[in-house]
Amino acid sequence: MNDLLTVHGLCKNFLLHRQHDAKLLTGCSDVSFSLKPGEFMGIAGPSGAGKSTIIKCIYRTYLPSEGEIFYRTKDGREVDLAAAPERDIISLRRSEMSYVSQFLKVIPRVPAVDILAEQLVARGWRPDGARERAREYLQMMNIDPSLWDTSPVTFSGGEQQRVNLARALITQPRLLLLDEPTASLDAETKKIVVQALLYLKKQGSTMIGVFHDSDVMRRLVDRVFTMTGGRCRSITRMQEVV
Amino acid sequence: MAAANDAFVLRVNRLTKRFGAGCPSCYALTGPAGETNICPRCGSIVACHDVSFDLEEGEILGIVGESGSGKSTLVRCLYFDEEVTDGEAFLAAYGGGRVNLFAATAQKKRHVRNHLMGMVYQNPLLGIKPHFTAGGNVAEKLLTADIYNYAGIRTRAAALLTRTEIPRGRMDDFPAYFSGGMQQRVQIAKALANNPPLLFLDEITIGLDLSVQARVLDLVKEIQRELGIAMLAVSHDLGVIRMLADRTAVMKNGRIVELGLTDQILEDPQHRYTQLLVQSML
Numbered sequence: 001m002n003d004l005l006t007v008h009g010l011c012k013n014f015l016l017h018r019q020h021d022a023k024l025l026t027g028c029s030d031v032s033f034s035l036k037p038g039e040f041m042g043i044a045g046p047s048g049a050g051k052s053t054i055i056k057c058i059y060r061t062y063l064p065s066e067g068e069i070f071y072r073t074k075d076g077r078e079v080d081l082a083a084a085p086e087r088d089i090i091s092l093r094r095s096e097m098s099y100v101s102q103f104l105k106v107i108p109r110v111p112a113v114d115i116l117a118e119q120l121v122a123r124g125w126r127p128d129g130a131r132e133r134a135r136e137y138l139q140m141m142n143i144d145p146s147l148w149d150t151s152p153v154t155f156s157g158g159e160q161q162r163v164n165l166a167r168a169l170i171t172q173p174r175l176l177l178l179d180e181p182t183a184s185l186d187a188e189t190k191k192i193v194v195q196a197l198l199y200l201k202k203q204g205s206t207m208i209g210v211f212h213d214s215d216v217m218r219r220l221v222d223r224v225f226t227m228t229g230g231r232c233r234s235i236t237r238m239q240e241v242v
Numbered sequence: 001m002a003a004a005n006d007a008f009v010l011r012v013n014r015l016t017k018r019f020g021a022g023c024p025s026c027y028a029l030t031g032p033a034g035e036t037n038i039c040p041r042c043g044s045i046v047a048c049h050d051v052s053f054d055l056e057e058g059e060i061l062g063i064v065g066e067s068g069s070g071k072s073t074l075v076r077c078l079y080f081d082e083e084v085t086d087g088e089a090f091l092a093a094y095g096g097g098r099v100n101l102f103a104a105t106a107q108k109k110r111h112v113r114n115h116l117m118g119m120v121y122q123n124p125l126l127g128i129k130p131h132f133t134a135g136g137n138v139a140e141k142l143l144t145a146d147i148y149n150y151a152g153i154r155t156r157a158a159a160l161l162t163r164t165e166i167p168r169g170r171m172d173d174f175p176a177y178f179s180g181g182m183q184q185r186v187q188i189a190k191a192l193a194n195n196p197p198l199l200f201l202d203e204i205t206i207g208l209d210l211s212v213q214a215r216v217l218d219l220v221k222e223i224q225r226e227l228g229i230a231m232l233a234v235s236h237d238l239g240v241i242r243m244l245a246d247r248t249a250v251m252k253n254g255r256i257v258e259l260g261l262t263d264q265i266l267e268d269p270q271h272r273y274t275q276l277l278v279q280s281m282l
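For the protein sequence lines, the chains are H and B, in the order given.
Note that the numbering used here has the first sequence beginning at 1, numbered continuously upward.
Note that the numbering used here has the second sequence beginning at 1, numbered continuously upward.
Because the hints were derived from the structure by calculation, they are not lab data.
No false leads were mixed into what you were given.
Under 7 Å between C-beta atoms, here's a sample of chain H residues computed to sit facing chain B:
1. His17
2. Leu63
3. Ile107
4. Arg109
5. Val121
Just so it is clear, the structure is predicted and the values come from calculations on it, not from any experiment.
Every residue, glycine too, gets a C-beta built ideally from N, C-alpha and C.
With the hints as extra help, turn the sequences into a complete structure.
Below is the structure:
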């Protein structure tokens, strides 16, 4: 077995407590797939099909209800992300696993360059070196240099999204989970993001991305996992789709 | 729930704090199920009951809950401001993590508090003396931690105040004439003075205006990143907890009803009360 990630029989239900009763919602059920190191899998499907649920379960933002998520760490251990203790999850998040949402959430008033540099400082970099690298990534994401020392709170939506992505890319995660990384970007900016993701893939990172934009997806992924109503409809190699 | 492990900085076991004489049914009749922390039979207040958790190295553990849920009492017990009714606490840096702090003598407790803990209260004036200079306040904490060299104290105080962005020129001024945000930053400098492995933060952003809030949060994060201090951060503001904490415990009527990764607590809350809390967030 040399898969990096194996998801087996993953189910996620949400039990919503209400005044007098409770309601059970299904996020996804019986999801299984596996990923080889360096592979990029896309998840497609209509809104509400459970695409984000899968990657949030892998990142453990959602507590999986059933099933296993085996992840092989850098040092060769096999960890079940669905059941591992929280401190193991925290340490994996700090060292090798990243998640990028559509929205940037940061402490206000912290400059963009520091938001990126913090990630490296937390991994033992010296502040000067970290800032240097942070500037390279802002450059790569085509963020105007005049904005680097201002807080992303003042940025446009697309710029925020790129800072958000850069914040994950700068750490070169082994496993990167992407929730619609190109959702609100113009064509030119999408190209930049695609380039950056392809670059990371070349470095050997394994990725799972939720996409609505089939054009972007086609340029990035090796396989597509298509969902409807919380279940897998098909898993296809990229060439066969569209 | 956190699994048992040996990398803890602070371990709390079944901590209970009751105000009042108590009766045999106090604990059964209070708590989230009965939605009260006042015992209907004897009128005692059960502020905290059966609270257990591990605080791990370099971690910020958030504690959220409504007013009266027992969060501040918990922190005050751990800092020995209050005497616990029952329970144990272990500090890795004290007695190899095998000595129950609550059973120690008052003198030992004072030693632990002065050397191994820092506290930042909601109200800065609880933590600092407004009519000592800013530098003098930091010096006081150093003196209690047995550092007596005058020049050393002065240099360290200046460095800490600079770190918390108090202008060098204000070092010999009285915090009584500082703004609330500046007072809070003096308090943080003071709490850090003895290089504690453990820091308690009790609602540190309440009463500060938004711009100062952001700066205090950034300062706390920076301190954690650079010094690796473990912190227990109490707040009723989920936004603050989201920014600071790796893991979060949710308290209700003196009990921990849920403990998990902060993003999991916010996005996939399990307990009825946590769901209510998160759904009420603006």
